[in-house]
Structure formats: C-alpha cells, structure tokens
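Below are the chains, spelled out letter by letter.
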Amino acid sequence: MMRLNPILSQKIIKTLLWILTGSTIGILFFIIIYIFIKGLPQLSWTFLSTNPVDMGRSGGILATIVSTVYLIGIALFFATPLGLGTAIYLTEYTREGLITKIIRFGTESLAGIPSIILGLFGFAIFVIAFGWGWSLLSGGLTLSAMLLPTIIRTSEESILSVPQEYREVAFSLGVGKWKTITRVVLPAALPGIVTGIVLSIARSVGETAVIIFTAGSSLRFPSSIFESGRTLAVHFYILAREGISMPMAYGTAAILVLLILIINISAYMTMRFLMKRYS
Amino acid sequence: MKEKIIEKILTLLAFSAIGVLLLITVFIFKEGLPVILKAGIKDFLFSAKWAPTKGHFGILAMIISSLAVTFGSIVMGVPLALACAVTLAEFCPPRLLVFLKPTIELLAGIPSVVFGFLGVILLVPIIREYLGGPGLSLLAASIILAIMILPTITSISIDAIQAVPLLYKEGALAMGATHWQAIWLVILPAARSGVVTAIILGMARAIGETMAVIMVAGNALKIPSSLLDPVRTLTSTIALEMGYSAGDHRTALFAAGMILFIFIMALTILANLLMRKK
Amino acid sequence: MRFNQFRLGVTLFLCLMALSCSSKNFTHSQALTIAGSTSVQPFAEKLAEIYMDINPKLIINVQGGGSTAGIKACREKVAQIGTSSRELHPNEGDLTKIIIAKDGIAVIVHPQNPVNDISIEQLRGIFSGKIRSWSRLGWVDKPIYFVNREEGSGTRDAFESLVMKKGEISDEALVQDSNGSVREIIANNPQAIGYISFGILNHQVKALAVNSVIPNLTTIKNNQYTLTRPFIFVLPSQPTPLASQFVDFVLSQEGQQILEKEGLVGFQ
Numbered sequence: 001m002m003r004l005n006p007i008l009s010q011k012i013i014k015t016l017l018w019i020l021t022g023s024t025i026g027i028l029f030f031i032i033i034y035i036f037i038k039g040l041p042q043l044s045w046t047f048l049s050t051n052p053v054d055m056g057r058s059g060g061i062l063a064t065i066v067s068t069v070y071l072i073g074i075a076l077f078f079a080t081p082l083g084l085g086t087a088i089y090l091t092e093y094t095r096e097g098l099i100t101k102i103i104r105f106g107t108e109s110l111a112g113i114p115s116i117i118l119g120l121f122g123f124a125i126f127v128i129a130f131g132w133g134w135s136l137l138s139g140g141l142t143l144s145a146m147l148l149p150t151i152i153r154t155s156e157e158s159i160l161s162v163p164q165e166y167r168e169v170a171f172s173l174g175v176g177k178w179k180t181i182t183r184v185v186l187p188a189a190l191p192g193i194v195t196g197i198v199l200s201i202a203r204s205v206g207e208t209a210v211i212i213f214t215a216g217s218s219l220r221f222p223s224s225i226f227e228s229g230r231t232l233a234v235h236f237y238i239l240a241r242e243g244i245s246m247p248m249a250y251g252t253a254a255i256l257v258l259l260i261l262i263i264n265i266s267a268y269m270t271m272r273f274l275m276k277r278y279s
Numbered sequence: 001m002k003e004k005i006i007e008k009i010l011t012l013l014a015f016s017a018i019g020v021l022l023l024i025t026v027f028i029f030k031e032g033l034p035v036i037l038k039a040g041i042k043d044f045l046f047s048a049k050w051a052p053t054k055g056h057f058g059i060l061a062m063i064i065s066s067l068a069v070t071f072g073s074i075v076m077g078v079p080l081a082l083a084c085a086v087t088l089a090e091f092c093p094p095r096l097l098v099f100l101k102p103t104i105e106l107l108a109g110i111p112s113v114v115f116g117f118l119g120v121i122l123l124v125p126i127i128r129e130y131l132g133g134p135g136l137s138l139l140a141a142s143i144i145l146a147i148m149i150l151p152t153i154t155s156i157s158i159d160a161i162q163a164v165p166l167l168y169k170e171g172a173l174a175m176g177a178t179h180w181q182a183i184w185l186v187i188l189p190a191a192r193s194g195v196v197t198a199i200i201l202g203m204a205r206a207i208g209e210t211m212a213v214i215m216v217a218g219n220a221l222k223i224p225s226s227l228l229d230p231v232r233t234l235t236s237t238i239a240l241e242m243g244y245s246a247g248d249h250r251t252a253l254f255a256a257g258m259i260l261f262i263f264i265m266a267l268t269i270l271a272n273l274l275m276r277k278k
Numbered sequence: 001m002r003f004n005q006f007r008l009g010v011t012l013f014l015c016l017m018a019l020s021c022s023s024k025n026f027t028h029s030q031a032l033t034i035a036g037s038t039s040v041q042p043f044a045e046k047l048a049e050i051y052m053d054i055n056p057k058l059i060i061n062v063q064g065g066g067s068t069a070g071i072k073a074c075r076e077k078v079a080q081i082g083t084s085s086r087e088l089h090p091n092e093g094d095l096t097k098i099i100i101a102k103d104g105i106a107v108i109v110h111p112q113n114p115v116n117d118i119s120i121e122q123l124r125g126i127f128s129g130k131i132r133s134w135s136r137l138g139w140v141d142k143p144i145y146f147v148n149r150e151e152g153s154g155t156r157d158a159f160e161s162l163v164m165k166k167g168e169i170s171d172e173a174l175v176q177d178s179n180g181s182v183r184e185i186i187a188n189n190p191q192a193i194g195y196i197s198f199g200i201l202n203h204q205v206k207a208l209a210v211n212s213v214i215p216n217l218t219t220i221k222n223n224q225y226t227l228t229r230p231f232i233f234v235l236p237s238q239p240t241p242l243a244s245q246f247v248d249f250v251l252s253q254e255g256q257q258i259l260e261k262e263g264l265v266g267f268q
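Note that the protein sequences, when read in sequence, are chains A, B and C. Each residue of the first sequence is one higher than the one before, starting from 1 at the first, in the working numbering. Each residue of the second sequence is one higher than the one before, starting from 1 at the first, in the working numbering. Each residue of the third sequence is one higher than the one before, starting from 1 at the first, in the working numbering.
In isolation and in its complexed conformation, chain A is listed as follows:
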C-alpha cells in the first residue's frame, strides 16, 4: 500500500485547517459587516434620542435603550453582591471540599440553563406568583439569575490572581480578615471583577427569550421599574419578525452589534492590560 509522505500530508492538512479556520472567521466578519452596511446608514442622533412611533415604524429607539439600561441595572444590582459574595466565600473563607463542590456544581448548572427555561421560571414566580406582572423588575430579577454564574466565575478568578503576599502583609500588620479583603484584596481584584460584570452586560444586551416572558414588550418609555418595557434586542426581534420596518430593524441591529463589540473589546483590553501588569 502506498502511504502518503508525512510531510506532504501535513502540508495538505495544514492548508485545509487554515481554510476552515479562515472561513469561520470569515463568517464572523461577514455577519458584523453585513449588519453594519445595512444598519449604520440608518443611525442618527434623532434615531437614538426619540421614542418609537407607530409600533416602531418611525421615530427612534430611545425607549428601548432606556428599558435595556433599566433591566441591566436591576439585574446587576442583585447579581453583583450575590456573585461577589459567593466568590469571596469560595476564595477566602473556605477550603476545597464538599461544600465548594456543591456550590460549583450549582454555578455551572445555572450557567447551562437555557434562557427559555429561566423565562418560564421568572414568569411563574415573579409575573404570576408575586403578581408583579410583566415588568422591568420581574425581567431584571430573572436576568440576574442568568448573570450570576458569569460574575461568580470571573470574580473568583480575579480574586485568586491577587498575590498571596498582599494578604500576608495585611495580616502581619494586624488587620482583620474582612478589612484585609475590602481594603487590600478587592481593590487589587477590582479591574478583573469589573471586566466580568462588563462581560455579563454584553450577554444581557443580546438576550431575548427570557425578557419577553418576564418584562413583556411594551414599547412605552418606562417611568418606573414596575412597568413593562421592551429592550433593544426584543425590539429588533419584533421589528424584523413581523416585518414592521426593515430599515428600523437594521438600524436597531447595528446598535446592538456595535454595543456588544464595544463592550467585548473594552473588557478584553482591560484584561490584557491587567495580565501585563501582574506578570
């Protein structure tokens, strides 16, 4: 049997792999560029600063931006202390054991729960059982369950990366444990924690299923967290799917993708900056 020359077959395979990788990255750039080409021409200051009129056929997207900000604010308000607390407990107050295993299992499982299941849950508990109806509060609380794992994981990593000497020096100076954590460890870990929070924001910006079920889709400008609201992503979904207005849909999509790009790139930059500083 003739065997292919290993050097030659390596060349062939390498070329093939590069082609596949190139096309994958090509798909990514295609998606972003396509959305930008169609959407960026729609953007203007008026588009961002006026409310939608006529179901979004005309006007802008201000109300949906405000709803998005509210929703993310509420979600972070609940998820940050819980997530940070969990991370501090895992890193500073306990050793690896059964309890940490259980907590880690819970975190990982929660991270895998699909948006739609969380939506069902939030609908059953907040919208119906608590009687809050479709509201930014119901949506934000449900969303916080989704962000919790991300915040726990990134906070834990960045707290762990704080050099042990920091703590030892503080302890040797007679500083209490909690004070050491709040004055020494957390400030050093803060940039990493913030990066995690920022990444979780990127995730919430693009979320739809969980939000339609819990925050509803009212297009009004929300004046309190007990009202329903429509986020950017939900607005885009409804505009595109119901064929209400394609230019408006592309414009909204461009804003969505732009936001996610900016958030991801800035989070990545901070991370790189930190890695350089600590290494």
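Among the clues, some could well be false.
[To be verified] Covered by chain C, per the in silico footprint, the following chain B stretches (three or more residues, Cβ under 8 Å):
| hint | segment |
| --- | --- |
| 1 | 49-60 |
| 2 | 216-222 |
[What the hints assert, rightly or not] Residues of chain C placed beyond 12 Å of chain A at every Cβ, according to the derived structure:
| hint | residue |
| --- | --- |
| 3 | I54 |
| 4 | T226 |
| 5 | T228 |
| 6 | L242 |
| 7 | D248 |
I should point out that these hints are in silico values taken from the structure, not numbers from a laboratory. Every residue, glycine too, gets a C-beta built ideally from N, C-alpha and C.
Fit chains B and C to the known structure of chain A by using the hints.
Below, chains B and C without anything else, positioned relative to chain A:
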C-alpha cells in the same frame, strides 16, 4: 464578632446560585408535573399528537425535532470548531492567537436574534431555491445552530489542547513524527476529555436555543422525514405558545420545559463528571 | 482609593433605584395595562397613543400575548383590559365582552402568484393537507406551503370555525405566532399561502377573493365577505374607572374613526 457575622452572611450568599437552581427545579416541576401525570407519561412522551387546547399533550415530535436539530448542528459544527481549535492552538503564531481567539469568542456574543434574522433573509431563500422545500427547515436550523455553538466548542477545545503537557508533543517530535502526526496521534487523544466536554456544552447550548430556531425552523408539528422538512423544537413550542396559553395548555408547556430541563441537566452533569475525571 | 469610588458608585446607583421606585407609587393608579390578541394589539396601540396625547398624565401599556392569555390576564387582574380576536368561550362568561370593531380574515399569497380566487372548500382542502399542489388551483404543479397560526391564537380559532368546520388543520403546516410573521413568510415565498387579519394587509402580499368576494371595508361591513370575526375588549365585572373611560373613548365616534382609518370596520 463582626467577622463571624460577615462570614455567616457570605456563606449564605454563596448558596445563592444553588438556591436559584433549586428554586427553578421546584417551580418547573411543580407547574409541569401535574399535566404529565394527568395525560400519562406514556402519552406525553411517546405520542406525537399535540393539540393542548383539545386535550392532546404528546411531545414526541418536538423531542425528535430538538434532538435532530442538535445532532445536525453537532455534525456540522464540531469538525469546523475542532479545525479552528487545532489551527489556533498549534499552527497559529502566538501574536495572531491573542487576536483571533477573542475574535472567535466574540461570535458567541452576537445575539441569537441576529443569527436567526440573517438565517431568514440569507440562508432560507438559498435552501428554498437550490434544495427545495419551504426553506424554513431542519437544515436551516442546524446550520444556524452550528455557527452559534462554534465559538463555545472552539474556545474550550483550545484550552484543552493547550493544557496538554508540552513534553508529550516534544517526545513525539523527537521520535521523528511530523507536527501533524504529533497533533493527531498524541495531543488530541490527550486532550480528549476536554474536547468531549466542549462538545457536550455545545450540545446543551444547541438544544436550549430558542429565538434563532423559531425564526428559521418553520415550526411544523410533524415528525421530520427529511432535512428540508420544517420542524418544531421543544423550545420553539414553549416560546410560540406560552403567551397564548391558559390552564392545561400552559402547564403542558411547563411540562415540555421540564423535559428540556432534564435533558440540559443530564448534559451538564455529564460534562461535570468528564471534567472531574481529568 | 479606587474601592471607595466603587462604593460611591454603588451608593449612587442605590439612590437612583430608590428614586425611580418612589417617583411612581406602587399601585399603578394612573396606569392602564391592555393585554391580549396580537391582532388587536396594533389597533389598541394606536388608540392608546392618541388617548395618551389627550390625557398626558395617563400611562397605557399595550401587551401582546394572544387572546386566551389576554382574557386570563384580565381575570387575574394582571391587565385591566383584555383583548380578544375570537368570541368568548362558555367558561369565560364571568367577564364583560365589548365588541369594538369587526375584522376580516384575509387569505393571502405572494404577489407573483397568479391565483386570484379561492373557495372555502379549496381552502379547507389545502389546510387539511388534501390539496397539495398549486395545479389544483389552476397554476403550476408546485407544492403548496400553508402557514398556520399557533395553538391558542384568536385568528386561528376564528379561521378554524369559519373554514375548517369540524376538520383539523394538518400538522404539516408551518406555524408562526403573529400576523406580521405570517405575512413575512408569504411575502418571501411564492408558493406559500396563509391567513392574516385584514387590518394588517399591505402591498407585500396579495389577498385572495374568497368564494369570489374580495375583502374590503364594504364587503366586510355588509357581511358579503364571509371570513369575519369581532375584535373584543374584555373587562372584569367591575372594571377600574380608567378602563371604563378608555372603553368609552374607543366606542366614541372619534375612537371608531381611528379604527376605520387603520383598516377595521366599526362595530355598528
């Protein structure tokens, strides 16, 4: 004293994630279980007749569709993702890697509705024109999902490949293997459990995806007989009908969610076990 | 130092949250939620928009969700007004029903589809899966893709009782969850057929004459066009004053004129 209280509070906070998970489990089961018992487990899981307002609660067609879509996305997505992972981890100059890895991860951040939308306006017409059928199909959903799970699988696989001790590779190269032979015969087998974990997590993401699937799958209730048939997954049924449901219909949707939840938990536990084995 | 800034940020955020909560009282005294049929939703939104212009202090939230959900929301007091695009079921008799307008169900195809007329029997044949090719309707031999609405939709309910009678819609049907998305599918597929609210009709699709009657405001009003159904507001037996006032506005001449301008037929 103060330290003690703080520790107590933190312990409490630490159980938030598992607490939420329990709460979700309790609520989904509490809402979903009664209707399954009422309809009978057999009729629920193994009948394809779904007309909840008329008292038929069979979700077989949806289970099959969900599995078909997930399988399709794995078949298309995994080879591509592994190719990317190997290329980036082994052939790519480190300077390019620090740029390309986050770029691929960025793909994971693009909202699923954007994927679904592009699927509808770009992919569906191509399938309809050149392959036949209504275009909205199992194939369209699989392709879109394959693209969506690609970053998850790629990123975790890169980590798994990079975690293989350098010694393995050097040993293989020293024995005269080419770089590719070292990858294929030594590195990939050593990274196997990490790669499998990546694939399982990708599957979990695919089976749970909703909005993109609703937009491109066509949502017909029939059990698909070809790649070009429209399909309705568990997730799309929940999202399509939730708003419109009441009474038994609503609980039946929770029951469908319960089945989905069980699938996802099984996959998550599997992934966890694999990771621990390493 | 940085951590102090972080704390300051958190405090500020807390204050903002507190403000946003206290600026509105918890009871929704000036807010009205309307939920239900996605067919009624655009019209309810238009009415709400104009009514809020007249009463700037009032807040009206209009939600979709579907007829059944709207009726349920009204009963559970999640919404003060439920909307429905189908008649109430016997077990929903505890609620007050107010017909606000009449709507036609338009049978639509792609503009390039040469078929112009369809009979109820043909329609039933298509949706039950018995007529599978466009050649049976005098066009080419290509498969028919028919688009249904999801279980629980008021439009589907009406379509089933008006067209299908006792027969069932085949499970091969594509399913979409709103008038708009049905229209989008038809507009993009020359071989597709579906049904939507007459008020949602636009140039992207072509409405077929049913039993040789073209749907328009006149034929719907005088019942010549057979596929019609009422748009209904559902109120609890003791509606809130705001809800009653809004209903009065909708039934007033002004409200009815708005609906007619949007493509519906007044209830008279």
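The hints, checked one at a time:
As drawn, the segment 49-60 of chain B meets chain C at 4 residues by the rule of a beta-carbon pair under 8 Å; at three or more, the given contact holds. Evaluation of the coverage hint for the segment 216-222 of chain B: fulfilled, as 5 residues show C-beta separations to chain C shorter than 8 Å, against a requirement of three. The claim that I54(C) lies off the interface holds: its Cβ sits roughly 16 Å from the closest Cβ of chain A, which is beyond the 12 Å cut-off. No beta-carbon of chain A comes within 12 Å of the beta-carbon of T226(C); the shortest separation is about 27 Å.
The non-interface label for T228(C) is consistent with chain A: the shortest C-beta to C-beta separation is roughly 23 Å, beyond 12 Å. No Cβ of chain A comes within 12 Å of the Cβ of L242(C); the nearest lies about 15 Å off, and the non-interface call holds. With a closest Cβ-Cβ approach of about 22 Å to chain A, D248(C) is found to remain outside the 12 Å limit, as its non-interface label requires.
Violated hints for the displayed structure: none, as all numbered hints are satisfied.
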